[in-house]
Structure formats: structure tokens, C-alpha cells
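What follows is each chain in one-letter form.
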Amino acid sequence: MSWEEIIKDYNPTIQRERRIWVNIPKDKVYDILQNLKNEGFEHLSSLSVTDWIDEGKFEITYHLWSYKFKVLLTVKTKIDREEAKIKSIYPIYDRSAWIHEREMHELFGIEFIGNPDLSPLFLEDWNEKPPFRKDFDWREYVRSKYYNKENEREKAYWEVWLK
Amino acid sequence: MKDKEIGFYELPFGPAHSGSGNFMVKLKVDGERVVEARADPGYLHRGFEKLMEYRTPLQNAVVADRVCILEPLSWDLVHAEAVDEIMGWDIPERAKYIRVILAEFTRIQSHLIWFSGGSMATGFQTGFMIGIGYRDYILEHIFEPVTGARVYPTGYIRPGGVRWDLPKDFDKKCYNVLKKIEKAVEDFDKLLFSNPVFKERTQGVGVLSKEDAIRLGATGPIIRASGIETDVRRDDPYEIYDELEFNIPVMDEGDAYSRFFIGRMEIVESMKIIRQAMERMPRGEYSLKVNPFMKMKKGESYARIEAARGEAAIYMVSTGDRKPYRVKIRGPSFLHLIPVLEFLLKDQQIADVPTIYWSMNTCPADMDR
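As they're listed, the protein sequences go chains C and B.
Numbering-wise, this note's numbering puts 400 at position 14 of the first sequence, and it's gapless, one number per residue.
Numbering-wise, this note's numbering puts 187 at position 76 of the second sequence, and it's gapless, one number per residue.
Bear in mind the hints are in silico, worked out from the structure with no lab data behind them.
Mixed in with the good hints there might be a few duds.
Unchecked claim - Lysine-lysine pairs mimicking DSSO-like chemistry, simulated, CA-CA at most 30 Å apart:
id : chain 1 : residue 1 : chain 2 : residue 2
1  : C       : LYS515    : C       : LYS473
2  : C       : LYS464    : B       : LYS294
3  : C       : LYS454    : B       : LYS383
4  : C       : LYS394    : C       : LYS454
5  : C       : LYS531    : B       : LYS434
6  : B       : LYS279    : B       : LYS290
7  : C       : LYS443    : B       : LYS161
8  : B       : LYS408    : C       : LYS443
9  : B       : LYS383    : C       : LYS464
Here the structure is a predicted model, which means the values were calculated and not measured.
With the hints as extra help, turn the sequences into a complete structure.
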């Protein structure tokens, strides 16, 4: 089965030459990525997460590049924000998937089931909400953590932010 | 095997080691041998992806070049391309040529720093001085007159084109600098690449096979040194690269020496590209008129370029607001410094750690973002 046939049923959109986007339901993603890898999409260019807070969903985006066909295929899938869990693609893309998933776990708090190591990467002693989620207010965080209300010289920052 | 009472010794390489940049690898060593390496990034994490959600594209152009200090114009370029694609802009022909010329100069100066680091890692201080010295010609005579600053161009390559036109005497300066770079390649050939000590220290060290390079997500010079002919400029052309003639250097050994040597050959190819672009550059507009308060179109884009270190990409989502909804930055060093480096350092000697580290063409800044 060629890669066009694998994604044919999911109405792929062709944005321009070498850019194809496709939405796939959550429970089918793993198998489809496995098939695409076998068909020649060997390079996981990037793995990203978008927080659609109004819809209550996380969108997970896999950007795959094929050295053979020279096509960038983006596979997107949506999962519930409340139950942010998805099967890890570590068995398919090995260490390159591991490191992307580890980063996304830290910044968005998504659980990748089957990933062997999701330990913290960039942040140190972080107990708050995952910082790249849309409902994490970094201004509020910085203000409460790093500014002193009684200090006259820091008043200017307060006044700007309270507007 | 070590007996249990003595155990292994943990040796932190970095984050203030002169050869590592702002990055640490924790090495578990048994005598002189590295048993396990574990990368510990985060010393330069500034959260650019989140910062960009709070700024308009023209403000982000300035933020984007901070992603990597060693090649700021490449990151300007990839950001500008991501926005151009969402907006559906076809930028003026002259702007494309200016972008390509600057991107190639950025590659050359970044590779010169790479050789400097590589020389330093093998205890060859003269090479360090030579690399930094020649790089300064580019900073002084190309970047400063064109962008206004030696290192950070403050968003010179911006969505819709470039910020202003090239200075009048750019031709002369450009050809003079290219002559100097030719001299630099000659010097590095004589002093570094045919140096028996350097060869001894790098040949056969840190060998990355073809399969491992794909599996671990290596790109750019690292994967080309392992025998895979791939280059974003050729495979996924952007700007005017499909009209230019250049070769893609490939080597099969996959060791540290071949990685450095790929860089040397890329400098020659970059000079070829700059010469062609200079000859063909048309006159005319250098930028579209961009309203700083414009609303972005709804949509998404994935822009990839070949930066000096490998594949640099930005995934941008816009909901039709003045600011992007989500920006994901894919840095090449993120893959090179964590999975690839951890894999290569295993079972190596401690003395080879800086050599392997520098052969990855590192930039901790674009790993942490």
C-alpha cells in the first residue's frame, strides 16, 4: 500500500507542492504512523502540540518528512484536554520521538503512554501548571513570584499590569 | 565490571566548561571510559514559543534571531517564511536574493566558529584564533553595514521582505570578503584538515552509521557525513535555491573528521551560491508594504530551511488574530545534542568527549529555545 492510499480515506489537504496535511482520529494515529514509516516517511521532523482551549482539546501534530518522496506530511489528531493521554510513538520513531515527547510532556503536560523516560527537561523544580498551556498566565506568575508589592520602585510594573 | 563498592564516577561536562557552551552532559565514567552520557539542557531556555504568542509578526522578527546567537539570520529567515506562507505573500525578487546571500554568509561564519571550536577541542589554539579572525571579516564588512549590527540583525529579514536595501558599495565589500574566505579555507586546509594531530584525534572517533543517523533524527552536515544525500535547499527548495547551481557534499565515514570536512566543503559551495546570486540579483523593490497592526490570515504553515546546523523549522498556527496562536520552533541542535550525542558518547574516552561534542556543530541556544 502506498502512502497516498494510507491517508486517502481521511481527506488530506494539499497546501502546496510538498506540503500535505491530514486529520486522523486519535485511536488510528499509531497504526497509520507505523504504516507511513514503513512506506518511507523515516524522518520525524517535529512533534508539536497546540492548545485549543475554547474547544477543550489538545491538537498533536506530527511532521513527517520522506527522504524518498520528498514530501512533508503533517498528521494531526485531537485529544481531550481533560484526559490528555495518547499512545507514544517511541516504538516507531525511536529516540527522535522520545525527545520530542519528553519536551511536550513537560511544556503541555501530555501523557505519552509507553514512552520510557518523561523526566523534566528544561524546567527545574516546577510545581505549577505546564507553562505552555494557554491558561497558564505567565504575567501573573512572574508578578506573584518575583515582584515585591511594597517596593516603591517596582510600582510601575504593577500599574501597567493592573490595567 | 566495576565492583560495587567503588562504583562509577559521575563527571559533569559543562555547563561552564570552556568547550561546552551553556549545556551540560553528565558522564558516568569508569576510569577513562564513558559508560553512560545523559544530556542536561535548559540553561538557555527562554521560552520563545510562548513569547511569540504575545507578539505581532514584526515584533517576532526581532525575537526570532535570538533563537541562536551563532546564526541569527537563518532564524530570521525561517520565521519570515512561516509568516509569508500564512499570509500568502509573494515577496519581491530582490528580497529573495538578499535573503539568500545573507543566509549563505551566515552559514559561512557559523562554520568558521565551528572549526574554531573543533580546533579548541583538540588543543589547537591557533585554529581557534584563525576561525574567529576570519569570521570577523563577515561581521564587520557584511553584517554591520547591511543589518546595522555585527551579530544580532534585529529582524533584518522580516516578513514581507527585508528591512532596507543593501548599501551602495555592497558588491565591492562582498567580493573582498569572499576573497578572504577563500584564504580562510586554504588556511584551514593547511593547518587543520591536513594536520596529523587533528586527523589522529578525529578520524574514526564518534562514528555515526547511516541507520542511526536516521533513527536519531540527525539532519544537516551530521547526516550528510554519514552518507545520506539530503539538503533542504535541494529537496524542499525555498526562496531561489531551485534556480541556483550548487553541490551537496556527502561523505561516508560518519566520523568526527568527516563531519568537520563536510563543513569545509559547504563553505566552498556557499561561496559559489553567493557569487551566482550576486550576478543575477535584479533591481527593484526590497520589501512589500507591511502594516505593523495587520491581522494575520487564518491558517497554518510549516517552514523549513537548511541552517548551518541542519534542518531548522517553524510551525505556525494563526486564528486570524494580530498575533500567532502557536509557534513551534524545531532546532537542529535539539536532536543533535540530546539523542545523537548521548548515543555517540557511550563507550568513548573522556579525552574524546569535547571532540565529539564539537563535531556535532553545536548551538545550545537553539536546543533550549
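Going down the list of hints, with the structure as the test:
1. Between C:LYS515 and C:LYS473 the alpha-carbon distance is near 22 Å, which keeps this suggested pair within the 30 Å criterion.
2. Proposed proximity of C:LYS464 and B:LYS294 is contradicted: the alpha carbons are some 54 Å apart, above 30 Å.
3. The suggested pairing of C:LYS454 with B:LYS383 holds, with an alpha-carbon distance near 27 Å, which does not exceed 30 Å.
4. At roughly 19 Å between alpha-carbon atoms, C:LYS394 and C:LYS454 fall within 30 Å of each other, so this suggested pair holds.
5. A hinted pair counts as satisfied when its Cα atoms are at most 30 Å apart, and C:LYS531 with B:LYS434 qualifies at roughly 27 Å.
6. Among the hinted pairs, B:LYS279 with B:LYS290 is consistent with the structure: their alpha-carbon atoms are about 19 Å apart, no more than 30 Å.
7. Taken as a hint, the C:LYS443 and B:LYS161 pair is honoured in the structure, with Cα atoms around 18 Å apart against an allowance of 30 Å.
8. Proposed proximity of B:LYS408 and C:LYS443 is supported: the alpha carbons are some 22 Å apart, at most 30 Å.
9. Taking the CA atoms of B:LYS383 and C:LYS464, the gap is about 46 Å. The hint is violated against a cut of 30 Å.
The structure fails to meet hints 2, 9 from the earlier list, while all remaining hints are met.
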